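Q: Residue numbers (this note's numbering), protein chains in the order written: chain A, 5 to 242; chain B, 5 to 242.
In case anyone wonders, no lab produced these hints; they're calculated from the structure. Keep in mind that the hints are not guaranteed to be accurate.
Cβ-Cβ distance ranges computed for the label pairs, FRET-style [unchecked claim]:
1. 40/A with 235/B: 47 to 55 Å
2. 92/A with 224/B: 43 to 51 Å
3. 174/A with 41/B: 53 to 61 Å
4. 235/B with 214/A: 47 to 55 Å
5. 224/B with 198/A: 49 to 57 Å
6. 95/A with 82/B: 37 to 45 Å
7. 6/A with 9/B: 20 to 28 Å
8. 194/A with 68/B: 41 to 49 Å
9. 110/A with 174/B: 21 to 29 Å
10. 68/B with 198/A: 23 to 31 Å
11. 224/B with 97/A: 30 to 38 Å
12. 213/B with 144/A: 35 to 43 Å
No more than 25 Å apart at the CA atoms, straight line, and that leaves these computed lysine-lysine pairs for DSS-like [what the hints assert, rightly or not]:
13. 123/A with 144/B
14. 9/A with 123/A
15. 144/B with 144/A
16. 9/B with 144/A
17. 123/B with 144/B
18. 144/A with 123/B
19. 144/B with 9/A
20. 123/A with 123/B
21. 144/A with 123/A
Remember, it's a predicted structure, so these values are computed and weren't measured experimentally. Just so it is clear, CB atoms sit at the ideal spot from N, CA and C, and this is done for glycine as well.
There are 2 protein chains.
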Amino acid sequence: MQTIKALCFDVFGTVVDWRSGVAGQARAFLLGHGRPEVDAFEFADRWRGQYQPAMEACRSQGRPYTRLDVLHRENPDLVLASYGLDPAGMSAAELMVLSHAWRQLDPWPDSAAGLHRLKRGFLIAPLSNGNLALLAAMAKRSGLPWDLILGAEVTREYKPAPGAYLGTVDILGLRPDEVCLVAAHNDDLAAARRCGLATAFVLRPTEHGPCQTTDLGPEQDWDFVAQDLNDLAQRLGC
Amino acid sequence: MQTIKALCFDVFGTVVDWRSGVAGQARAFLLGHGRPEVDAFEFADRWRGQYQPAMEACRSQGRPYTRLDVLHRENPDLVLASYGLDPAGMSAAELMVLSHAWRQLDPWPDSAAGLHRLKRGFLIAPLSNGNLALLAAMAKRSGLPWDLILGAEVTREYKPAPGAYLGTVDILGLRPDEVCLVAAHNDDLAAARRCGLATAFVLRPTEHGPCQTTDLGPEQDWDFVAQDLNDLAQRLGC
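Chain A extracted, bound-state conformation:
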């Protein structure tokens, strides 16, 4: 624990509740288009379902690094079409507001307080696939006290590519074992561990809703396992 100097955080799911937030914004959008019967949570899940394929195009299919804000603007077109809604008939401004739902996600109840505690003992930064403007707007809205914002836009690599983790370590001027990834996702932690980073699992059992089946517990002997960010602060002596 005394080796660790910086904590880098997954954000979507680990620090903020993307599903409730996107569903809330989608609900208003769907009502405005006369579609109150559409399940806004299902809409959010379908939108989130576009997330990995869109990044995969950048990771392995030759598309240059493209900011998540842009992918978030492209992806709902497919989702809208799946509900028989035609984005071509909607204004650019309206679609931009919808895509910015991802900038306005609420933190989990413990996130802001936990980060304030953790900030006393460590440098804290997102290591997220979100872009800088998105993460800065989200932090400003909710008072997330990052020391700096890192992640895919700075390294130009999407997690779980090794360059996303090792590039972040290099920017911090630290060794991999001096940086700990904090995440609610076992696969993210596994990729970080393969790069030599320390790992902290945080339980977020309703990220995917009440019937979540994944990431309900640690799948490896992560260096730290915590119930939430306050619990992590306690375990790290902050």
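Since chain A is already given, all that's left is putting chain B on it; use the hints.
A: Showing chain B alone in chain A's frame:
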């Protein structure tokens, strides 16, 4: 004023007093090497004198972008030699501590309070030639409440190259006229204006010591002219 959404700040000289800070660290270093007669302010000025040539090698002489932390580690060798001190006889750890003087600069007395006020109305970020780890360490030490840290390491271009300003605007997802550069240096503001950014001049008449001859006033009709960051906050309605 209502157009402006983000304030981007020059840091060395505008937000922090690099000369006093580097001189203070250099004084301790020189004493430790039995050279109490060396003027620590002159030492700081000579070190600072290596700053533009080292960046120019990256800007126009084919050297790939190299972090300022690295340049700060390379540059004092020449300065030490100019005083008959041989860095080859010093430990790497000791030279690292000296080069990290630039991470531990004190803000001007108004800076932290002014930034807290400005943060209420605008997104605030450094647009500095400093690298991310340097600027984050500096901010954490002094409570500078940046929303995010931008600058040369993110755009991989050193000011006053246009890409340093326009790359920052692009990352923020804004138009150039929605971003205002805040700086104590007319040449930095001139370069930003050529890229279409708004400009705010802040007077720092002792950045270069009591006999400063440059940047003692605005040399163009900058959009805002302020005595310090609290005065800027007042003028911007924060």
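Q: Compare the structure with each hint and give your call.
A: Results for each hint:
1. 40/A with 235/B: 47 to 55 Å: Given about 52 Å between the Cβ atoms, the range holds.
2. 92/A with 224/B: 43 to 51 Å: 46 Å, holds
3. 174/A with 41/B: 53 to 61 Å: With Cβ atoms ~40 Å apart, the hint is violated.
4. 235/B with 214/A: 47 to 55 Å: 53 Å, holds
5. 224/B with 198/A: 49 to 57 Å: Once the Cβ atoms are compared, 53 Å apart, the range 49 to 57 Å for residue 198/A and residue 224/B holds.
6. 95/A with 82/B: 37 to 45 Å: 59 Å, violated
7. 6/A with 9/B: 20 to 28 Å: Because 42 Å falls outside the window, the suggested range is violated.
8. 194/A with 68/B: 41 to 49 Å: Cβ of residue 194/A to Cβ of residue 68/B: about 32 Å, so the range 41 to 49 Å is violated.
9. 110/A with 174/B: 21 to 29 Å: Roughly 28 Å apart at Cβ, these two residues keep to the hinted range, so it holds.
10. 68/B with 198/A: 23 to 31 Å: Holds, since residue 68/B and residue 198/A (Cβ atoms, about 28 Å apart) stay within the stated range.
11. 224/B with 97/A: 30 to 38 Å: Given a distance of about 35 Å, which is inside 30 to 38 Å, the answer is holds.
12. 213/B with 144/A: 35 to 43 Å: Holds, since residue 213/B and residue 144/A (Cβ atoms, about 37 Å apart) stay within the stated range.
13. 123/A with 144/B: Distance ~9 Å between residue 123/A and residue 144/B Cα, so the pair holds.
14. 9/A with 123/A: Distance of about 11 Å is within 25 Å: holds.
15. 144/B with 144/A: Holds: residue 144/B and residue 144/A sit about 17 Å apart, inside 25 Å.
16. 9/B with 144/A: 13 Å, holds
17. 123/B with 144/B: Holds, at roughly 16 Å.
18. 144/A with 123/B: With a Cα-Cα distance of about 9 Å, the restraint between residue 144/A and residue 123/B holds, given a limit of 25 Å.
19. 144/B with 9/A: 13 Å, holds
20. 123/A with 123/B: 19 Å, holds
21. 144/A with 123/A: 16 Å, holds
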